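S.K.: Take the sequences, apply the hints, and build the full model.
Just so you know, the sequences run in chain order A and B. Each step along the first sequence adds one to the number in numbering that gives the first Met the number 0, with nothing skipped, and position 123 is 122. Each step along the second sequence adds one to the number in numbering that gives the first Met the number 0, with nothing skipped, and position 406 is 405.
It should be emphasised that the hints constitute simulated quantities derived from the structure, not laboratory data. Nothing here was measured: the structure is a model prediction, and the numbers come from that model. Mixed in with the good hints, there may be bad ones.
Stated by the list, open to error - For the chain B half of the interface with chain A, some residues (derived, Cβ under 8 Å), not all of them: (1) Gln335; (2) Val337; (3) Gly340; (4) Glu376; (5) Phe385.
To be verified - Computed spacing ranges between beta-carbons, pair by pair: (6) A:Ala22 x B:Glu414: 53 to 59 Å; (7) B:Ala272 x A:Glu50: 27 to 33 Å; (8) A:Ala22 x B:Arg81: 34 to 40 Å; (9) A:Arg121 x B:Thr397: 50 to 56 Å; (10) B:Glu378 x A:Asn34: 38 to 44 Å.
Unchecked claim - Straight line, CA to CA, 20 Å or less: simulated EDC-like cross-link-like pairs of lysine to aspartate or glutamate: (11) B:Lys391 x A:Glu31; (12) B:Lys391 x A:Glu185; (13) A:Lys116 x B:Glu263; (14) B:Lys333 x B:Glu357; (15) A:Lys83 x A:Asp71; (16) A:Lys116 x B:Asp345; (17) A:Lys184 x B:Glu428; (18) A:Lys184 x B:Glu357; (19) B:Lys313 x B:Glu263; (20) B:Lys333 x A:Glu122; (21) B:Lys313 x B:Glu378.
Just so you know, even glycine gets a beta-carbon here, dropped at the ideal spot from N, CA and C.
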Amino acid sequence: MNHPEAKTGQTQPVRVFLVDDHALFRTGAKAELTNASGIIEVVGEAGSVGEAVAGIGHFEPDVVLLDVHMPDGGGAEVLRRARKTHPNVVFLALSVSDAAEDVIAVIRAGARGYVTKTISARELVDAVVRVHHGDAVFSPRLAGFVLDAFADRPGAAPINDPELDLLTPRERDVLRLLARGYAYKEIAAELFISVKTVETHVSSVLRKTQLSNRYELSRWATDRRLI
Amino acid sequence: MSAAAGSQRTAQARRDPRTSAEATTGRTLRRRRSSRVIAGVAGGLADHLRVDVRWVRVIITLLAAVDGLGVVVYGALWAVVRQRSVDVAEPDSPRERTQAIGMVVLGFGLLVATSSFGQGLSGQLFFPASVALIGAVLVWREADETQRRRWAQGARTGVAEVFIGNGGRGAIIRSLSGAALVITGIVVLLVDSLALAPLQFALLSVIVTLIGTAVLTLPWWLRLVRDLDEERFARIRTEERAEIAAHLHDSVLQTLALIQKQAENDKEVRRLARSQERQLRTWLYGATGYGGSSRAGGADADTDAPPAEPTSAKTLAEVVSEVCGEVEDTFAIKVQQVVVGDCEVDDRVLAAVWAAREAMVNAAKHAEVGEVSVFVEIEPEQIELFVRDRGKGFDPTTVSQDRHGLADSIHGRMERHGGTVRLRTAPGEGTEVALRLPRTGDKR
Numbered sequence: 000m001n002h003p004e005a006k007t008g009q010t011q012p013v014r015v016f017l018v019d020d021h022a023l024f025r026t027g028a029k030a031e032l033t034n035a036s037g038i039i040e041v042v043g044e045a046g047s048v049g050e051a052v053a054g055i056g057h058f059e060p061d062v063v064l065l066d067v068h069m070p071d072g073g074g075a076e077v078l079r080r081a082r083k084t085h086p087n088v089v090f091l092a093l094s095v096s097d098a099a100e101d102v103i104a105v106i107r108a109g110a111r112g113y114v115t116k117t118i119s120a121r122e123l124v125d126a127v128v129r130v131h132h133g134d135a136v137f138s139p140r141l142a143g144f145v146l147d148a149f150a151d152r153p154g155a156a157p158i159n160d161p162e163l164d165l166l167t168p169r170e171r172d173v174l175r176l177l178a179r180g181y182a183y184k185e186i187a188a189e190l191f192i193s194v195k196t197v198e199t200h201v202s203s204v205l206r207k208t209q210l211s212n213r214y215e216l217s218r219w220a221t222d223r224r225l226i
Numbered sequence: 000m001s002a003a004a005g006s007q008r009t010a011q012a013r014r015d016p017r018t019s020a021e022a023t024t025g026r027t028l029r030r031r032r033s034s035r036v037i038a039g040v041a042g043g044l045a046d047h048l049r050v051d052v053r054w055v056r057v058i059i060t061l062l063a064a065v066d067g068l069g070v071v072v073y074g075a076l077w078a079v080v081r082q083r084s085v086d087v088a089e090p091d092s093p094r095e096r097t098q099a100i101g102m103v104v105l106g107f108g109l110l111v112a113t114s115s116f117g118q119g120l121s122g123q124l125f126f127p128a129s130v131a132l133i134g135a136v137l138v139w140r141e142a143d144e145t146q147r148r149r150w151a152q153g154a155r156t157g158v159a160e161v162f163i164g165n166g167g168r169g170a171i172i173r174s175l176s177g178a179a180l181v182i183t184g185i186v187v188l189l190v191d192s193l194a195l196a197p198l199q200f201a202l203l204s205v206i207v208t209l210i211g212t213a214v215l216t217l218p219w220w221l222r223l224v225r226d227l228d229e230e231r232f233a234r235i236r237t238e239e240r241a242e243i244a245a246h247l248h249d250s251v252l253q254t255l256a257l258i259q260k261q262a263e264n265d266k267e268v269r270r271l272a273r274s275q276e277r278q279l280r281t282w283l284y285g286a287t288g289y290g291g292s293s294r295a296g297g298a299d300a301d302t303d304a305p306p307a308e309p310t311s312a313k314t315l316a317e318v319v320s321e322v323c324g325e326v327e328d329t330f331a332i333k334v335q336q337v338v339v340g341d342c343e344v345d346d347r348v349l350a351a352v353w354a355a356r357e358a359m360v361n362a363a364k365h366a367e368v369g370e371v372s373v374f375v376e377i378e379p380e381q382i383e384l385f386v387r388d389r390g391k392g393f394d395p396t397t398v399s400q401d402r403h404g405l406a407d408s409i410h411g412r413m414e415r416h417g418g419t420v421r422l423r424t425a426p427g428e429g430t431e432v433a434l435r436l437p438r439t440g441d442k443r
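M.R.: Below, the structure is given as structure tokens:
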């Protein structure tokens, strides 16, 4: 969709660029993705922030599978440096990390989704295709992180934020079901809405995560004694 | 503290800037190394404030006219602020350099002008003071120069080397002439004050000599303190590395060896890998894990990390992750857990967790799947636990009367503690057990 070639039809494979500092993982992921014959083409890979930025500039892939933890700044740094020059490239964070702040940082920097490394090959292919078509993809864990981040629990500071920063009850419901391990299709059935609507809700959660203001972020950090 | 929240804290600790002194170069004030005229203070300030270096120089020069305030500020910053240890190329044009030297001369001129008009320092004091000042500048600059060489060579220094280093004769001459200028300035200052009574004179000379010594040896004192700091950090880093190596040996390497031996046994390999992953995760990101606050407090007493939390009672998130791990190990399935929020554990909460455990066990035994999702949300009014699988599901009406798992362990337990159970299942559609427990009073 974003790449000119993709507009011509579904037959064009999604061009994927792998960024991970572990060669072993790259090899494994490449093998798994390439097995999904015809859907995905791995055009290149990189093991460091610098290589990644150069590689994205060179290959102009459709989707970048981005590791969160890397030396010299990690995935967030790649996003900061590559997003300005290549606004059409979609980033999907792929992490083994349990640290919500790392993941949220990548989402804030502009990644379109987040999946864990224990994801099955089929689901990963699905996630790549989905972000390529402009949707947001959350793993249950990230849904949990976001719920936690936006939680308005007693004891936390009162919320004076603009409307923009709050999750609507519906978005919260969607996130809850996501965290419970439901697929988008199952969420749609559960809430009596269309899959498209679920995707819209998830995308707007993502937008809010990126846009939520400093106040929200600092409260979130204070609650967790990060600062 | 939930698993998520706990790990955030540890991630923060892992990135503690103090562990790498130079990682902060970009943010903290550092004197420039290259393209400096005296000590790089103005350049460093300009880099820090992100303004043109010329403005900083102009302001310092103008301040020099106000009782030499600019000179004092410059000297103080010189003494306190560290020099950048990594050379960053600065824009340095000959023209700018000429301008800067002009500024120095102008500042000095302003100082002379204001004092000779009798507004600032008195003329009598001014001459010896400026001689001592120039001497101090010479000595300190030489010390900076030595610091540079030392960084290049990575060597430690003694008292003499702080000023001279391996700079050869030139350095010795510069240092000695600097010291001579300081001493001359002091002596002239004292001779000028000869009108004083002998006792006062003696007292004054002692004080002034002490000040002179302090000025001359200041670089050495600063170096001493910094060297101690650096050494401490280096030692801590070495200890950390040793500990990580030991832990990896005990855990990952051993497990990998086991996996090699068991390579034929699919299930066993998976079980080993899973339990290892969980163990390592807890070690890395857990509340009391490797980068956790309790450790950070012990290893490095004066980091900014929050003090160690008293881990008196277990929290719900910890109990849930323990239970999930246990089920993972026992039944060789993957349990994906997400916990939102956290609270303390009491008997009622524990009962709910045990009910959830029974639901997991049921899923592991009967659903014929490799993965179970567990979602726990702690809200102000209630606690909700969901256990779901995408397995084969069943028809609740056909469960025979002699099966006690669901009836006693889940329904019975929840009802005894005032909770509710909702079961959603159908053959072929998987199973979800939703447990809901109202919270009485505020336990947060």
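S.K.: Taking the hints in turn, state whether each one holds.
M.R.: Consistency of the hints with the structure:
A cut of 8 Å between beta carbons decides the hint on Gln335 (chain B): the least distance to chain A is about 6 Å, and the hint holds. Given the 8 Å rule on beta carbons, the hint for Val337 (chain B) holds: about 4 Å separates it from the nearest Cβ of chain A. Taken as an interface hint, Gly340 (chain B) checks out: its beta carbon lies about 6 Å from the nearest beta carbon of chain A, inside 8 Å. Using the Cβ-Cβ criterion of 8 Å, the hint placing Glu376 (chain B) at the interface with chain A is satisfied: the shortest such distance is roughly 7 Å.
The restraint placing Phe385 (chain B) at the interface with chain A holds, with a minimum CB-CB distance near 5 Å, inside the 8 Å limit. In this structure the supplied range 53 to 59 Å holds for Ala22 (chain A) paired with Glu414 (chain B), their Cβ-Cβ distance being about 54 Å. Remark: the range hint 27 to 33 Å for Ala272 (chain B) to Glu50 (chain A) is upheld by a beta-carbon distance near 29 Å. A beta carbon spacing of about 38 Å between Ala22 (chain A) and Arg81 (chain B) agrees with the range 34 to 40 Å that was offered as a hint.
Take Arg121 (chain A) and Thr397 (chain B): their Cβ atoms lie about 32 Å apart, and the range 50 to 56 Å is violated. Taking the beta carbon of each, Glu378 (chain B) and Asn34 (chain A) are about 43 Å apart, inside 38 to 44 Å as hinted. Restraint check for Lys391 (chain B) and Glu31 (chain A): the C-alpha separation of about 27 Å exceeds 20 Å, so the hint is violated. Between Lys391 (chain B) and Glu185 (chain A), the direct Cα distance comes to roughly 16 Å. Compliance with the 20 Å bound is thereby established for this hinted pair.
With a CA separation close to 24 Å, the supplied pair Lys116 (chain A) and Glu263 (chain B) exceeds the 20 Å bound. Between the alpha carbons of Lys333 (chain B) and Glu357 (chain B) the distance comes to roughly 15 Å, so the proposed pair stays at or under 20 Å and holds. Between Lys83 (chain A) and Asp71 (chain A), the direct Cα distance comes to roughly 19 Å. Compliance with the 20 Å bound is thereby established for this hinted pair. For the hint pairing Lys116 (chain A) with Asp345 (chain B), the CA-to-CA distance comes to about 35 Å; that exceeds 20 Å, so the pair is violated.
As the CA atoms of Lys184 (chain A) and Glu428 (chain B) are separated by approximately 13 Å, the hinted pair is consistent with the 20 Å bound. Proposed proximity of Lys184 (chain A) and Glu357 (chain B) is contradicted: the alpha carbons are some 28 Å apart, above 20 Å. For the suggested pair Lys313 (chain B) and Glu263 (chain B), the alpha carbons sit about 39 Å apart, so the restraint of at most 20 Å is broken. Note on Lys333 (chain B) and Glu122 (chain A): the hinted pairing holds, with a Cα-Cα distance of about 16 Å set against a maximum of 20 Å.
Between Lys313 (chain B) and Glu378 (chain B) the alpha-carbon distance is near 18 Å, which keeps this suggested pair within the 20 Å criterion.
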